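Build the complex: two chains, separate frames, hints provided.
Protein sequence lines correspond, in order, to chains A and B. In terms of full-length UniProt numbering, the first sequence has 33 at position 33, counting the first letter as 1, and numbering is strictly consecutive. In terms of full-length UniProt numbering, the second sequence has 74 at position 74, counting the first letter as 1, and numbering is strictly consecutive.
Everything labelled a hint here was simulated from the structure, so no lab data went into it. The model shown is predicted, which means the values in this text are computed figures rather than measured ones. Check before you lean on any hint, since a few could be wrong.
[As the list claims (entries may be wrong)] Simulated restraints, written as ranges between beta carbons of each label pair:
#1 B:K41 with A:E255: 32 to 42 Å
#2 A:T249 with B:K41: 52 to 62 Å
#3 B:G277 with A:D149: 42 to 52 Å
#4 B:G274 with A:R82: 19 to 29 Å
#5 B:K41 with A:D149: 25 to 35 Å
[Stated by the list, open to error] Chain B is faced by these chain A residues, among others (derived, beta-carbon under 7 Å):
#6 Y37
#7 A41
#8 P97
#9 G100
#10 I103
#11 Y126
#12 V127
#13 P130
#14 R131
#15 W156
Think of the CB as a built atom: it goes at the ideal place given N, C-alpha and C, for glycine as much as any other residue.
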Amino acid sequence: MRSPDVASSAIQVAEGSAIRAEEGAAAVDVRGVEHVYGRGAGAVTALGPVSLTVPEGSFLVLVGASGCGKSTLLRLIAGFERPTSGSVRTGGVEPVPGKGAGIVFQEPRLFPWKTVGGNVELALRYVGVPRHERLRRVPELLERVGLHDVADRRIWQISGGQQQRVAIARALAGDNPLLLLDEPFAALDALTRERLQEDLRQVSAETGRTSVFVTHSVDEAVFLGSRVVVLTQRPGRVALDIDVGLPRTGLEPDELRALPEYATLRAEIGHAVRAA
Amino acid sequence: MTSSISFQPDPSAEPGAQQAVTASRGGSAPPTAPPGAGASKYRRFGVRLLSILVLLLLWQLVASATRNPSFIPSPRAVWDQLVLTSTVHDGIRGYSGHFLIEHLGISLRRILIGSVLGVVAGLALGVVMGTVPWIRVVVEPLVTFVRALPPLAYFSLLIIWFGIDETPKLWLLTIAALPPVAVATASAVYAAPAGLVEAARALGATRWNVTRDIVLPNALPEIFTGVRLAVGIAYSSVVAAETINGVPGIGGMIRDAQRYLQTDVVVLGLFAIGISGLLIDAVLRVAENKLIPWRGRA
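Pulled out of the complex, with its shape left as it was, chain B reads as follows (with noise of 0.2 Å):
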């Protein structure tokens, strides 16, 4: 949450600076990858695999060593949790009535459509916050102190306003993906390289055509950036959103666990996150690299 909070131009973004440099590469030619990148791609395949092993392992024996489940529940404990949450037990449908992966779904559709929602408003807000300066300086206060709330804080607000059911929880997912993408639009937009811009407008291209054509895309490497923390943001807070009748729900199940004390579907639940974001974040990466191939290269 530390990356371009202010609207100082990032100077490692300067792009006179970097055209400088690649015009004077000359005729030499582009640059490839390193031979061997294969070889050490399945080295750090197997040290990470090792690495979790390893990490098992230790868990392993830390629950046997304290033997306290309702503390420290055992690997083992926690994957039969894994196996009894997803299938119909003693007539019993997964946790709550709901399966593992119901739960995770409805949570996962909660942080689609409140990331969605704020990633849109926050793009609309960070261009108008970066191309017109009275209200960049009227808005940013705002977006700052808003960005500074923990989600849980306002949550109570958004209960007393819309109630307990879906709509509260999407208007804090919204509220707390927002700002992280209204700030880096805005800093990116107000960036806008001042060299390309000229070469647009002796082009012959028309306002609109310069921040459709030359800022948008200049800034789509930060924008970028800003979805990727607004989702990682909404994703955190999507087991606050759950703390109030939140199940189905990953977070509900969590906090429904926590109540009985059943250490291990916390601990399953706790994963269930974990995993699922790491996921996300993958798959927002490659759309990155796809989205946005020249970032970092020119």
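Just chain A, same shape as in the assembly (with noise of 0.2 Å):
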């Protein structure tokens, strides 16, 4: 965790490719990496070179317009794609889906044919928690990203905000290491969103869990990120990395938003993404 002290708190612009020991074990070690996707004279590359190292316990933000490969970047540290070339390794091993990362889309993705409650609980299941610890659980899970007694509803019974809520829930029900949300927020409107970002940006400070958080919003990316990467176009490359440096606890997010620095970091990486 980061010193709550803004004062002392420095920015700093480092080398994608630095690995910051002094942070703790790498949670995310991303090398060289480049990913093209399909063959000959279609062929794009989507990404890269990219070298990333994300320390336990911090929130990274990838930033970047459309297209310039950041959602491919986090589906290479998902496991669901192989680089073309160069290593991605989460925790020291290659990444395998649903082992080590909990995921959430931009999309909810829930399991219609589930309740609300069914879909966090099956989430339990396939992590292998026993039935009674399960039921337990759930209502648990729910109360943390904010929900209180819709366990029993049906997913189109519940709102868009709602459902991410859900989402997120199913994506922490693993308990794994490392949470991976592909912009989440998009779809929804703004106070939705904004009410989402301060309550994740709490439960990320709770459970001090490693996030990659991947948006096209600056705001964002200052108001959840401990860091923020910015990528370039296609392919995207890291045009900045930057420390965020406020406090991720004690204030409240309009606080938050009034501080000197935040003004200066928005500006800063608006301008990265503006110019990237």
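So this is what it looks like as structure tokens:
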């Protein structure tokens, strides 16, 4: 955890490939990764080469214009795809979907044949939690994402914002050391989005879990991230890698946004995104 | 019989698009039934009742005008046959020694057994076809071929193979019921939503978990449409199955009545088949709503 003392925390720009061992072991290690879609004349290099190290407990936000390969990078970290060249390691091993990382997608991707609670319960079952313990933990997980008394509801009976909360609860169910989020709030209205950002910030501070969050919103990046990486246009490379250094706890969202450092960071990252 | 013959994924069932729509609804409340739905339901019932009465009246008028009961029997004559075939009269039990309800019951039992066997086999075949590409390539033309055959056409072959008792009848209904379920299941399993499968894998689901918890439940609405189609086909094939040695059985009854020009009994048989068919479809509809509450909503 970073010091809550804002004044002393300097904004530092680091090389994308720099390994910052002082922050602990690497939860995610991306080395010289390039990813190409298609073959021959139609081949498109979507990403890279990119090198990144995400230390344990940090909240990394990947920002960039659409089509810059940030979602590709997240899918590589999730293990859904293998890089064309280079290597990706999570927790020291090659990533496999369903092992070591919870994932939240842009759409909730809930299973409509299950109730809200049933969706979370299924996630617990897949990681081998016994039945009696699942019944106890489902309401617990829903509470953690700010949902009460919705366990027996059907998916279409709750709002889009609530659905995405369930998706987050489901991703947290596995107790994985890593949480990957692919523009999870992009499809929500502004008010709902802000509320979910605030709650995610709190949940992440409480659980201290390493997170990688993809977004195209500069404000979302500064608000959520302990570190922000800006990717260039296709093929995506690291254009800016910056430690946010704002306090993770103890401040109200409005107070946080009112800090002069907040505005400085926003300006700097916004400039990098536009220039990328 | 036109729905989901090919394996093209149904564009309206594309989950990504629908989820995006749901998600963008944001914090709005879930939709509720429009006001006045109850009143219009009564009015619809009234209109239907009225149309039935008008049809009966027309029928009576045509019957009186033609004055030929072997060509068009009057509603009254059909009603009398209903009474006669449901009672013991002059020492004769119903029609050909069986009450109407027994004829119908035997036919319904054949339809039930044939449909269940056809649905189970179609389901198994459909899952395999939807999962293993080369099996689909090999089996699909065969299934489509059988589907295109009128049941009466292959009944002769079944008679040669299995004789004239119950076995060929059940085979006929099973073979008739199988293709729609197999095709519907195969196309739904094949078009499993990639997003949901990925989400399940991200949660740690095994291959078997994905099939049981995602692919099959997701295919249920289409499977159910296939089942309703299959029951309908079994239903319409039962008369064909009862053309030979079909008594007791409603099809056998109709065939016998035709031989003796008892037109009123033929018409009575048609009503028995039609009304019980509507009832069965209604039961299936209710079952569908109970079993698949998410249909059309997610």
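So, going through the hints one by one against the coordinates:
Look at B:K41 against A:E255: about 56 Å separates their beta carbons, and that is not inside 32 to 42 Å. Judged by the Cβ atoms, the range 52 to 62 Å given for A:T249 and B:K41 holds: they are separated by roughly 57 Å. B:G277 and A:D149 have their C-beta atoms about 44 Å apart, which keeps the hinted 42 to 52 Å range intact. For B:G274 and A:R82, the Cβ-Cβ distance of about 60 Å falls outside the hinted range of 19 to 29 Å, so the restraint is violated.
About 32 Å separates the C-beta atoms of B:K41 and A:D149, a value consistent with the hinted range of 25 to 35 Å. Annotation: interface hint on A:Y37 violated; nearest CB of chain B at approximately 16 Å, more than 7 Å. The closest approach between the C-beta of A:A41 and any C-beta of chain B is roughly 26 Å, which is over the 7 Å cut-off, so the hint fails. Because the smallest distance between the Cβ of A:P97 and any Cβ of chain B comes to about 4 Å, under 7 Å, the interface hint for this residue holds.
Residue-level restraint check for A:G100 is violated (minimum Cβ-Cβ distance to chain B is 10 Å; threshold 7 Å). Checking A:I103 against chain B: minimum C-beta separation of about 4 Å stays under 7 Å; hint holds. The beta carbon of A:Y126 comes within 4 Å of a beta carbon in chain B, closer than 7 Å, and the hint placing it at the interface holds. A hinted interface residue such as A:V127 counts as satisfied when its beta carbon comes closer than 7 Å to some beta carbon of chain B; here the least separation is about 5 Å, so the hint holds.
For A:P130, the suggested interface contact is broken, since its CB lies about 15 Å from the closest CB of chain B, more than 7 Å. For A:R131, the interface hint is violated, since its Cβ never comes within 7 Å of a Cβ in chain B; the closest pair sits about 16 Å apart. With a least beta-carbon distance of about 4 Å to chain B, the hint placing A:W156 at the interface is held under the 7 Å criterion.
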